[in-house]
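*Asks:* Sequence:
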Amino acid sequence: MRTFLTGLQQYYSRLFIAGFLLWGLALPSQAVVFQAENYTNFYDTSPGNSGGAYRSDAVDIEITNDSGGGYNVGWIEATEWLVYSGLSIPASGNYTIRLRVASPSGATASVDLNGGAIQLGNFSIPATGGWQNWTTVSRTVYINAGTYNLGVFAQTAGWNFNWIEVVGSGGGTTGLVTVYEHCNYGGWSAGFNTGSFDVNAMTALGARNDQVSSIRVAAGYEAVLFENWDFSGASVTVRGDSSCLSNFNDRTSSIIVRATTGNPPATGFSAIVSEAQFNQMFPNRNPFYTYAGLVEAAKTYPAFAGTGDTAMKKREAAAALANFSHETGGLVHVTEIAQGEYCGDWDGNPATCPCAPGKRYYGRGPIQLSWNGNYCAAGDALGLNLRADPDLVQRDAKVAWQTALWFWMTQSGAGFRPAHSSIVNGNGFGETIRTINGSLECNGGNPAQVQSRINEFNRFLNILGTTAGAGNIGC
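Using this note's numbering, the first residue of the sequence shown is number 1126, and each one after it goes up by one.
Read the hints as simulated data drawn from the structure, not as lab findings.
Relax, there's no trap hidden among the hints.
Here are the computed distance ranges between Cβ atoms for each label pair:
1. T1477 <-> D1514: 15 to 25 Å
2. F1413 <-> V1158: 44 to 54 Å
3. G1454 <-> G1177: 47 to 57 Å
4. A1282 <-> L1565: 29 to 39 Å
5. N1325 <-> T1272: 32 to 42 Å
6. N1309 <-> V1349: 15 to 25 Å
Glycine included, C-beta positions come from ideal geometry on N, C-alpha and C.
Kindly produce the complete structure, drawing on both the sequences and the hints.
*Replies:* What follows is the structure in structure tokens.
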């Protein structure tokens, strides 16, 4: 249980695959259970086995009082980790991760794949009232087919760990509509495209009768949930996302998915990130940063969140918005606080982009566009005279978003390539950080700022229902 964001060389040099290659998922609905004590590699902050049971290395193991008996890992400290090799995912789709845990006062764990290359998110462990008072915490994630090393990492101390389970959630992939077992998009999930699904069709796709509690609906579509199996009885129509169907919880027995009357199906960026999801990402944003402005700006660069499969498109959207969020304090600041002149020679030639009289080129917009040369370059690319009117970036939401996407799509900045290329070519989220501010943050320059960006990236991935993919998440 250590952070998989750094030190990957140490991780891979120590990882061994011998023993405990547990059986994989023959079908998406079957479960794999890894007992906590059957790890294939570990990091523990203290020498010796404090519990004195089962194994003689540094991991602390004791006999458990949980149902079924056996052992649990205890005396867990922050930054410790365990690895379980041979997790086989036979088909890409939704999988539920369940952790069996106990904690007197609460804690946080996280789960990932392949040494942190793929983050599966944080698990909040509630206060159970005792070291042997057990509960199960879970979350549903999308995992691509493949064989992985499964990691459990202690974000905080003060909890016991009995087992981790991975089970297919049904539905294969998310669709235009995704329904979930629990409020806040927890438990099993099942995806639906347009059509009518009675109780038999609904359950065949992985949903369960009278067990739907939350739902996500793509922009331009609506889901009609019915109380009875044959599209009769009470019903509710849902557009956008609903984190808890408070008036229709556990009542759905049939579903109709259709395009919203009078509205064409969403296309482009709006098909990847709905307005409801955007609002969930930025609940406190400045009204200047409109969703409509972003949708329009994205049409200037259709390859943005438009390259690769749906998972890749969502991944790029999450990566870009996470960096924009970090640069602006959650889309709060339209301009930088210290508004300097930012006027200098461009390409060593003062005639290339002279500063307009009385104009200042301080940071503006989601990427905080700065310096006269960048205003000239962005303006030339967008067909706008930003040298003469840099204030346009803080007056027009579409233009502000366009300048951010111009940098994201075309500029290498402090990195090796544009951020767009790093994401779609599998170089990883960390390389987008390097492009934007790598000279100050990467290679140990400011790990707290890097982690802040990573935290936002993981939060947005969870909202969009996808994963970090390949490549280093940190820089």
